[in-house]
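Chemist: The primary structure of each chain is shown beneath.
There are 2 protein chains.
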Amino acid sequence: MSKITVSAIEAKQLIDGYLARFIHTGNMTFSFVDVEAGKVLPEHSHANEQVSIMLEGEFELTLDGKPIRFSAGEVVVIPSGVKHSGLAITGCRILDVFYPAREDYRKLGGVDSN
Amino acid sequence: MSKITVSAIEAKQLIDGYLARFIHTGNMTFSFVDVEAGKVLPEHSHANEQVSIMLEGEFELTLDGKPIRFSAGEVVVIPSGVKHSGLAITGCRILDVFYPAREDYRKLGGVDSN
Numbered sequence: 245m246s247k248i249t250v251s252a253i254e255a256k257q258l259i260d261g262y263l264a265r266f267i268h269t270g271n272m273t274f275s276f277v278d279v280e281a282g283k284v285l286p287e288h289s290h291a292n293e294q295v296s297i298m299l300e301g302e303f304e305l306t307l308d309g310k311p312i313r314f315s316a317g318e319v320v321v322i323p324s325g326v327k328h329s330g331l332a333i334t335g336c337r338i339l340d341v342f343y344p345a346r347e348d349y350r351k352l353g354g355v356d357s358n
Numbered sequence: 245m246s247k248i249t250v251s252a253i254e255a256k257q258l259i260d261g262y263l264a265r266f267i268h269t270g271n272m273t274f275s276f277v278d279v280e281a282g283k284v285l286p287e288h289s290h291a292n293e294q295v296s297i298m299l300e301g302e303f304e305l306t307l308d309g310k311p312i313r314f315s316a317g318e319v320v321v322i323p324s325g326v327k328h329s330g331l332a333i334t335g336c337r338i339l340d341v342f343y344p345a346r347e348d349y350r351k352l353g354g355v356d357s358n
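Chains as they are written, first to last, in this note's numbering: chain Y, 245 to 358; chain X, 245 to 358.
Just to be clear, a hint being listed does not mean it is correct.
For identical chains, the list gives no copy identity; a pair is met inside one copy or between any two copies.
What the hints assert, rightly or not - List of simulated lysine-lysine pairs, DSS-like, C-alpha gap at most 30 Å:
#	residue 1	residue 2
1	Lys310	Lys247
2	Lys327	Lys247
3	Lys310	Lys327
4	Lys256	Lys283
5	Lys310	Lys283
It should be emphasised that the hints constitute simulated quantities derived from the structure, not laboratory data.
One chain only, chain Y, in its complex shape (with noise of 0.2 Å):
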């Protein structure tokens, strides 16, 4: 395995505006996410822990009923089975980063070092 350059990683739309691409690992998954401004993320929870990172934009997350508006530079903790939806503010670039690794993701592909 060497380096992975994340812009030659085949994306797939995840929902409508949200466009990820994804690495996994044996433990976890990095999906980096291109959101459009303005769309909405429904309200969902998982058992995998997630960490938000924002790398450029505006989101706002609501988590466990709480907004949370976040901007390149900050980083939310979801834990596991915590609801938490969102809304794209500004068009943003966001790392999700999760553990153990999304199973349903790496179905949908991109670069598995597994």
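Keeping the supplied structure of chain Y fixed, place chain X upon it in accordance with the hints.
Modeler: Chain X in isolation, oriented as in the chain Y frame:
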């Protein structure tokens, strides 16, 4: 747990020229590292799986004897137990993600969401 501002986390010097800000969850450690140009990372290995994401600048990582130059937008996966060393070609910012969490780094401080 609300949002975390990376720049507000107290920085710890890992080795000469390597300044790190940590976020720990129960399972993962996120280490945001500022590296000075020309500074060397001596060869080492650890059981933790590591994923290195280049945020800014250029770094030469030597992974199991093989040099890999990577820059912003590129990622290297370092499997458990594989020897690696490095050299900062320019000043750079790297996000190193570890599974399981680096308990040695947790003792150094940072934000602990666990």
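Chemist: Now look at each hint and say whether the structure bears it out.
Modeler: Going through the hints against the structure:
In this assembly of identical chains, Lys310 and Lys247 lie within 30 Å of each other by CA distance solely across copies; the values are 11 Å between and 38 Å within a copy. Only between protomers do Lys327 and Lys247 lie at most 30 Å apart by alpha-carbon distance; the minimum there is 16 Å, versus 34 Å within a single protomer. Taking CA atoms no more than 30 Å apart as the test, Lys310 paired with Lys327 passes inside one copy only; the shortest distance there is 10 Å, against 43 Å between copies. Taking the shortest alpha-carbon separations for Lys256 and Lys283, only the intra-copy value of 16 Å comes in at or below 30 Å, while the best inter-copy value is 38 Å.
Only within a single protomer do Lys310 and Lys283 lie at most 30 Å apart by alpha-carbon distance; the minimum there is 19 Å, versus 43 Å between protomers.
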